[in-house]
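Chemist: Spelled out, the chains give:
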Amino acid sequence: MAGAGRFFEDFVVGDVIRHATPRTVTVGDLALNQALYGNRFVVQSSDAFARRIGYPASPVDDLVTFHVVFGKTVPDVSLNAFANLGYADGRFLRAVYPGDTLVSTSEVIGVRPTSKGDAGVVWVRTRGVRSDGAPVLEYVRWVLVRVQGGRPVPDAVVPELPSAVDPSQLGAACPRIQPSAWDDAEAGGARRFDDYAVGEKIDHVDGMTVEEAEHQLATRLWQNTARVHFDGYAQKSSKIGRRLVYGGHVISLARGLTFNGLENAFHIAGINAGRHVAPIFAGDTLYAWSEIVDKQALPGRDDVGALRVRITGLKDFSAADFPRLGEDGKDHPAVVLDLDLWLLVPR
Amino acid sequence: MAGAGRFFEDFVVGDVIRHATPRTVTVGDLALNQALYGNRFVVQSSDAFARRIGYPASPVDDLVTFHVVFGKTVPDVSLNAFANLGYADGRFLRAVYPGDTLVSTSEVIGVRPTSKGDAGVVWVRTRGVRSDGAPVLEYVRWVLVRVQGGRPVPDAVVPELPSAVDPSQLGAACPRIQPSAWDDAEAGGARRFDDYAVGEKIDHVDGMTVEEAEHQLATRLWQNTARVHFDGYAQKSSKIGRRLVYGGHVISLARGLTFNGLENAFHIAGINAGRHVAPIFAGDTLYAWSEIVDKQALPGRDDVGALRVRITGLKDFSAADFPRLGEDGKDHPAVVLDLDLWLLVPR
Amino acid sequence: MAGAGRFFEDFVVGDVIRHATPRTVTVGDLALNQALYGNRFVVQSSDAFARRIGYPASPVDDLVTFHVVFGKTVPDVSLNAFANLGYADGRFLRAVYPGDTLVSTSEVIGVRPTSKGDAGVVWVRTRGVRSDGAPVLEYVRWVLVRVQGGRPVPDAVVPELPSAVDPSQLGAACPRIQPSAWDDAEAGGARRFDDYAVGEKIDHVDGMTVEEAEHQLATRLWQNTARVHFDGYAQKSSKIGRRLVYGGHVISLARGLTFNGLENAFHIAGINAGRHVAPIFAGDTLYAWSEIVDKQALPGRDDVGALRVRITGLKDFSAADFPRLGEDGKDHPAVVLDLDLWLLVPR
Chain A
1 MAGAGRFFED FVVGDVIRHA TPRTVTVGDL ALNQALYGNR FVVQSSDAFA
51 RRIGYPASPV DDLVTFHVVF GKTVPDVSLN AFANLGYADG RFLRAVYPGD
101 TLVSTSEVIG VRPTSKGDAG VVWVRTRGVR SDGAPVLEYV RWVLVRVQGG
151 RPVPDAVVPE LPSAVDPSQL GAACPRIQPS AWDDAEAGGA RRFDDYAVGE
201 KIDHVDGMTV EEAEHQLATR LWQNTARVHF DGYAQKSSKI GRRLVYGGHV
251 ISLARGLTFN GLENAFHIAG INAGRHVAPI FAGDTLYAWS EIVDKQALPG
301 RDDVGALRVR ITGLKDFSAA DFPRLGEDGK DHPAVVLDLD LWLLVPR
Chain B
1 MAGAGRFFED FVVGDVIRHA TPRTVTVGDL ALNQALYGNR FVVQSSDAFA
51 RRIGYPASPV DDLVTFHVVF GKTVPDVSLN AFANLGYADG RFLRAVYPGD
101 TLVSTSEVIG VRPTSKGDAG VVWVRTRGVR SDGAPVLEYV RWVLVRVQGG
151 RPVPDAVVPE LPSAVDPSQL GAACPRIQPS AWDDAEAGGA RRFDDYAVGE
201 KIDHVDGMTV EEAEHQLATR LWQNTARVHF DGYAQKSSKI GRRLVYGGHV
251 ISLARGLTFN GLENAFHIAG INAGRHVAPI FAGDTLYAWS EIVDKQALPG
301 RDDVGALRVR ITGLKDFSAA DFPRLGEDGK DHPAVVLDLD LWLLVPR
Chain C
1 MAGAGRFFED FVVGDVIRHA TPRTVTVGDL ALNQALYGNR FVVQSSDAFA
51 RRIGYPASPV DDLVTFHVVF GKTVPDVSLN AFANLGYADG RFLRAVYPGD
101 TLVSTSEVIG VRPTSKGDAG VVWVRTRGVR SDGAPVLEYV RWVLVRVQGG
151 RPVPDAVVPE LPSAVDPSQL GAACPRIQPS AWDDAEAGGA RRFDDYAVGE
201 KIDHVDGMTV EEAEHQLATR LWQNTARVHF DGYAQKSSKI GRRLVYGGHV
251 ISLARGLTFN GLENAFHIAG INAGRHVAPI FAGDTLYAWS EIVDKQALPG
301 RDDVGALRVR ITGLKDFSAA DFPRLGEDGK DHPAVVLDLD LWLLVPR
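Heads up: the sequence lines are chains A, B and C, in that order.
According to the UniProt record's numbering, the first sequence is numbered sequentially starting from 1.
According to the UniProt record's numbering, the second sequence is numbered sequentially starting from 1.
According to the UniProt record's numbering, the third sequence is numbered sequentially starting from 1.
If you are wondering where the hints come from, they were derived from the structure by calculation, not from laboratory data.
A portion of the hints provided could be inaccurate.
As the list claims (entries may be wrong) - Straight line, CA to CA, 30 Å or less: simulated DSS-like cross-link-like pairs of lysine-lysine: (1) A:Lys236 to C:Lys201; (2) A:Lys330 to B:Lys236; (3) C:Lys239 to A:Lys236.
Using the sequences plus the hints, can you model the full thing?
Modeler: Here is the structure:
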């Protein structure tokens, strides 16, 4: 049997895994990304706009970089995972352009067996690098991985992770831009950094219904190989009974929805935290709302500022009343995604 | 709440709306367009063929230009529309190539409140322009827009529109071609301009079944944001009960079907009129037939001539008997599209 | 009625049919191919990897070349076919790169009426050629074509076909590579030519569920016009009652699945034989296993060797026990594809 993937016992803190299948990103990928998520952030949509503000060309959507880097890690990290538990300390380090080839490595930075003993949490720090060695993205994720059994299980090593990326680390993937060349009419919104207030909540209004063909196309595009997304026959006899939608698909859908109200938040600079609170299935409709939880200037930069935005994704439930917690004080039953990002906005 | 869109009272004749999100068209978009509509018109398919007859490269499918220009208008014009009533005076003004960035503006040219008072017709003249200012497409459309209420409603101003585009305006987006270099075997048909007769009817034979994933991919690709196409959950409680397919998706499917019988009609030069007679839904199968209703030489051009073609789209009903009117003299119940185009054909 | 296609009586041995619609292959097509099939073979995924081993850039996936060349033949060869019976003598003759324009011709090399008299087998040798005349692919396929009736039916001419492509013909589309520059970690597997043994069987483990939208997108992308793939309304009243999935879609899905276990088998050099044993429908899940049935050095080449691999595709049935024959000694009821390829592997 080929491609069985790693079990909990196979992860050793300090090991660095080089992942297979570097991938050259092209305008073909960007068109599919557009068709899958309906993005309207102008810097990624218009070469002419991007050039006018100071980019050499439209950069690749940050989440395309994320998905390409992430996809490669699946066969090595999460093929035998029960769940993708969280993300932290995500930083975009360099703008990516069509033609760039990306490759990933993951360093095992923590392991913790569960009390039940049939699984363990594994933390990896994944680094996405251009083929010439220039880093483009770094993030930590942790997953619950099956114990294969019959082998010793490692002692717990739990990494310390920042609760948020420090603002000094946010500008690396964004060249200095000309805010005066930023055309609000073309961008679709007039609100700049100073126009957002901490505590503000935004209902993104639109809803997006997910189809099996769509999430499968996306997940294969990103070379993510987790079987649960494609194998409907095997999934029928699983506990869940059907195919699961790749969590990253939900993140990109939510990002697309946030355009309404965050039109000028053109760049994801950091991923502070992220949780797939509940799975989403074909036929479900995703809604989203955002809360501005912090805002910070970037040291040495007067062109852009950073909004810390907590995005809540909901399924089959309106975002109009900003639901996040249920009556029991736990996650509201409709919440599927809880994502905490730093977004750059022109000043 | 973000992105609520304009209501009928917000449209003032003479206003020019600059639409958001200029977009750079790429070969990625063209591949998706191919996958969505199955086009076989050779000029858009083969760079080598296009060069041989006089283009610098394969131009972008005219309907890709249309969709990109159209999509941008939706958040400003038709987000609160009940219906897309019609198109007229559409003229393609310049060939578009991969790498061109397109942006749209719409001028409000007419308004007319309905007698019921809950809605009004709005006419806009939309102009698609390359980022260097060169115009690529112009057309008029009119939509039925919701009245928000509580504000004065404007008096009626109804624009005069031509019943058809004048043939002198049809050649702008088509460089002078070499008909002698046109290889009928590669093009897939031997019929030239002189071989079509006014009054001729053509059954395009093929049928195309629409899937939710397909029209959603298309509609997001063109950055069309009308909620009715994506939000299956909200649509469940609408009068129609389900997602609506973007009308432009039906136009492109019909255009693809017309290849059988109109193989050499490589360029849409003008849109005389268009009506979405009835909605189409996922699971419906589209058929089409065409009638040649006029043919005209282009002033000063001996390389191409223009066929005026009325395309009738039908759902779940064969086009073999050329149905257009029902027994009551109104639209045949299977008709979904009535589209009147000028198509260029080599001489 | 346009585009009725050829009937059995229309095929004359020795005739060469020039097929319509040359097509320029782009990175857009490659992105869609990636999204549809989830390929991970590194040479086609990473420009940087391809250059390091000796290609000028990532070549186009061999099956993209196959589909583009094949699609053009459908309107002329198989529009009235009951079944696609088999493939043989397939040879890839030159690497294809984005920007190349491909065109196809088919020579009729055999015909044989069936005893029933309502159909006949037609053999064609299809040649795919770049727009500058350089051959890129050649293969034979045979189909069962409807007899129209009322015309004389030709006498049988049955071509002789090789049972396998001779190894001396396998290297043409693969430039000399540097096996020492082949990075196994990036490629995702350490097994080279010498590590595979004749008789070895590999379960490819993964399963892929097919959706209507997916196979329709693929089939239109390749400009394959067979009605049975798109026209759900007409198919409802056919014997099968629903849309059929294009056989080539199944071949590409199977090729994608084979990555697990054949990670370094980066190039399809020859198609010895192929049979679509049974149809596949939306909702079915494809599994695959492979048997190494031969291995051969290439004359004059010490950089790559050829594995002859027989790939068995199964629907809704695990490949773990390598099923091929049923209890009756005929094809196992779950088998849908029986494909015999030469694959190149670095030494």
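Chemist: Is the straight-line distance between the alpha-carbon of A:Lys330 and that of B:Lys236 30 Å or less?
Modeler: holds (29 Å)
Chemist: Given the hint that C:Lys239 pairs with A:Lys236, test it: the Cα-Cα distance must not exceed 30 Å.
Modeler: Answer holds: C:Lys239 to A:Lys236 is near 28 Å, not above 30 Å.
Chemist: Regarding the pair A:Lys236 and C:Lys201, is the alpha-carbon distance no greater than 30 Å?
Modeler: It holds: about 27 Å lies between the C-alpha atoms, which stays within 30 Å.
Violated hints: none; the structure is consistent with every hint.
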